[in-house]
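Peer 1: Residue strings, one per chain:
Number of protein chains: 2
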Amino acid sequence: MKRLYFILSMLIILNAVTAQRPPLINSPEVHPDHSITFRYFSRSAQKVTLRGEFLPVGLSMEKDTSGVWSVKVPPVNPDIYPYSFLVDSVELADPNNTYIFANERFKRSIVDIPGNTPLMHSLQNVPHGKISYRYYHSATLGTTRRMLVYTPPDFDASGKLKYPVLYLIHGGSDTEETWTRVGNAHLIADNLIAKGLAKPMIIVMPYGNVRPKPMSDFTKEVMNDIIPFIDANYPVLTDSRNRAIAGFSVGGGQTLNIGLTNTDQFSYICSYAPFTATEEFQRNFSSWNPAADKINSQLKLFTISVGTEDFLYESVKKNLALFEERGIRVKPYIVSGGHTWMNCKQYLTTTLKELFK
Amino acid sequence: MKRLYFILSMLIILNAVTAQRPPLINSPEVHPDHSITFRYFSRSAQKVTLRGEFLPVGLSMEKDTSGVWSVKVPPVNPDIYPYSFLVDSVELADPNNTYIFANERFKRSIVDIPGNTPLMHSLQNVPHGKISYRYYHSATLGTTRRMLVYTPPDFDASGKLKYPVLYLIHGGSDTEETWTRVGNAHLIADNLIAKGLAKPMIIVMPYGNVRPKPMSDFTKEVMNDIIPFIDANYPVLTDSRNRAIAGFSVGGGQTLNIGLTNTDQFSYICSYAPFTATEEFQRNFSSWNPAADKINSQLKLFTISVGTEDFLYESVKKNLALFEERGIRVKPYIVSGGHTWMNCKQYLTTTLKELFK
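From first to last, the protein sequence lines are chains A and B. By my numbering, the letter at position 89 of the first sequence is numbered 89, and the numbering carries on one by one without gaps. By my numbering, the letter at position 21 of the second sequence is numbered 21, and the numbering carries on one by one without gaps.
Please keep in mind that the hints were generated in silico from the structure rather than gathered at the bench. Please note that the accuracy of each hint is not assured.
Identical copies go unnamed one by one, so any copy, or any two together, can satisfy a pair.
Said to hold, decoys possible - Dumping the calculated DSSO-like pairs for lysine-lysine here, alpha-carbon to alpha-carbon at most 27 Å:
id, residue 1, residue 2
1, Lys47, Lys317
2, Lys199, Lys63
3, Lys213, Lys160
4, Lys331, Lys213
5, Lys162, Lys213
6, Lys331, Lys317
7, Lys353, Lys199
8, Lys72, Lys162
9, Lys199, Lys357
10, Lys162, Lys195
11, Lys162, Lys130
12, Lys300, Lys195
Predicted model only: the values in this text are computed from it and were never measured.
Just chain A, with the same shape it has in the complex (with noise of 0.2 Å):
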């Protein structure tokens, strides 16, 4: 009698609970030859679209009678994706997926469609480093703030050993969290460091959205917050050879205006698909009569990445050949793609391969 009781009220908790919330559902559903199923409930939507940045143009999906509307994407390249679904007329991240683009002005979901053998952003096992959330004061900007810092596998905190340190920096409307839950920055450090191809580091992803003055505030900020704050609370060489700074689109021209206008703090810069339409790009470089030689000596490695179909390529290709015609010794790494989260992976692993040797 109790234990029919129990039941009873097994079921009716489990009722009260599973009541107010929609069918589980497994979205997305990731096939070993690499197709996908994507899954979205709604009773009551009349057109339902997957969106994906594996996708030229948006696939319907069907509605099953329960309600349950999926598409199977035909296999696709292994690589990490951003997607979202369009219901009627509203974008929204699929709400059965817990990874997340992080970004301020939209919500998308995210896919990992593994490779045959691991790809160099994949959880592989190897050691692994970790991700630290921090919080930090900015006297520039009389507040405080976040940062997110990767130290490497079996990283040494007594300070005996010192680490060089690499500043990372996101994209336009991204977060200090973009590069770890995109860009997956931690896996491809780790594996890059169990290979031997990357040296131990510390990379360090602040925010990068300073308001109002996300150009000439962010670079005060870097200079005077974020750099002291990591040499007083981690073991690292403070010297230039062991600093570099990289950063995507808007973080991309960022690593040109922090990097080139302090090249006695940064001996790598490498910049990926840079924004370079700021007013702070152009007074610091559309005039700019660099001392070249003193330049070049002072920098290790100056990159700019792009991909031929990013929107800002031939933008990239006048910074080349601004850079070049000041005397500025700048290696372009230029590949295929566009101004994409699964480029951003590329040019990350390959700077990684360079910096500090």
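Here the structure of chain A is known, so what remains is to put chain B in place on it, guided by the hints.
Peer 2: Below, chain B alone, put in the same frame as chain A:
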């Protein structure tokens, strides 16, 4: 001429960037009097409704001529609340708000209404600990998994100082990030430690939704993988007097199952609004005949918390009666409020003050 050309290219590039995107919208905007304006952009929606855990029913939003829907909510009691938009029939997170409820089955945003004096869960001007994202190997599950580890301000990694540990488990469809992203567990700890109200401790937040057997396999995982990983990688006190377990909802049920069957390992068991309609709970406790005196002497604190509006309130009262009937000393912590993360923050605050004293 060169300058004009530059400005023209700037405009073309800016246009290319912005054309793809909806207008920049400030949402949520929390006003000084604790009223809040929510905004959502859609030219095509027929109806947009705000849903929030600070509202008894959804609030209709109004569209202006530019396609921005908005509603201003009268002053709200300072706290952190989940909310979402219902656009026609589609529920979604606020596209303009970076702060997302970490959950596997829905996407909601969170809004933080600060108090006139800082709340215990707010970012205050005190020393901050850090949250680390760690991978570990689970022998139980044969895979690599992720946990979050909070280390307190001025954490000494050298091993000279050893810390007590709280294992803190999320709710049923939450993730290992929910306690920090929604519960601000790290800030509650920072603030209580700064005031001398809690001992410096390590807080371990594992991922509890172990599949296919979320109850029994998670118990094994905690005992055989998670605790050994922490003991091996952090300077911790490993006796039961320095080990606590707490959790919410399904995690509250897991807390009872793990804690009460391992009273030689945990002297502190704090269960928040436990969901106990599970086979594991029934197996462990329906015909439980405990050595109550021994257990009471092993436990320094055993509490069960619940809100009087919680849908599990009646169930929790039965749990309390069950334990009392078996002679186990349990301290009820009954407050107002429902099965919410607003309540969770209260439960955790109370717990942290009582641990390791």
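Peer 1: Have a look at Lys353 and Lys199 and pick one of within, between, both or neither, based on CA distance no larger than 27 Å.
Peer 2: Answer is within; shortest intra-copy Cα gap is 8 Å, inter-copy 43 Å.
Peer 1: At 27 Å max between alpha carbons, let me know whether Lys72 reaches Lys162 within a copy, between copies, both or neither.
Peer 2: This pair counts as neither: shortest intra-copy Cα distance 49 Å, inter-copy 52 Å.
Peer 1: From the Cα coordinates, with 27 Å as the cut-off, is the pair Lys162 and Lys195 best called within, between, both, or neither?
Peer 2: within (20 Å within a copy, 34 Å between copies)
Peer 1: Which holds for Lys162 with Lys130 at a C-alpha limit of 27 Å: within a copy, between copies, both or neither?
Peer 2: both (17 Å within a copy, 21 Å between copies)
Peer 1: Could you place Lys331 and Lys213 in one of the four classes (within, between, both, neither) given a Cα distance threshold of 27 Å?
Peer 2: Neither: 30 Å inside a copy, 53 Å across copies.
Peer 1: What label fits Lys300 with Lys195 when the C-alpha limit is 27 Å: within, between, both, or neither?
Peer 2: Within one copy, since 23 Å is at most 27 Å while 48 Å is not.
Peer 1: How would you classify Lys162 and Lys213 at a CA-CA limit of 27 Å: within, between, both, or neither?
Peer 2: For Lys162 and Lys213, the Cα distance exceeds 27 Å both inside one copy (34 Å) and across copies (44 Å).
Peer 1: Are the CA atoms of Lys199 and Lys63 at most 27 Å apart within a copy, between copies, both, or neither?
Peer 2: Neither, since 51 Å and 54 Å both go past 27 Å.
Peer 1: Can you give me the call for Lys199 and Lys357, within, between, both or neither, at a CA distance of at most 27 Å?
Peer 2: within (8 Å within a copy, 44 Å between copies)
Peer 1: Measure nothing new, just compare the shortest in-copy and cross-copy C-alpha distances for Lys213 and Lys160 to 27 Å and report within, between, both or neither.
Peer 2: Neither. Shortest intra-copy (39 Å) and inter-copy (45 Å) distances fail the 27 Å Cα cut-off.
Peer 1: My question is about Lys47 and Lys317: at a cut-off of 27 Å on alpha-carbon distance, are they close within one copy, between copies, both, or neither?
Peer 2: neither (42 Å within a copy, 46 Å between copies)
Peer 1: Is it within, between, both or neither when you check Lys331 against Lys317 at 27 Å Cα-Cα?
Peer 2: Result: close within a single copy only, 12 Å intra versus 69 Å inter.
Hint compliance for this structure: hints 1, 2, 3, 4, 5 and 8 are not met, and every other hint is.
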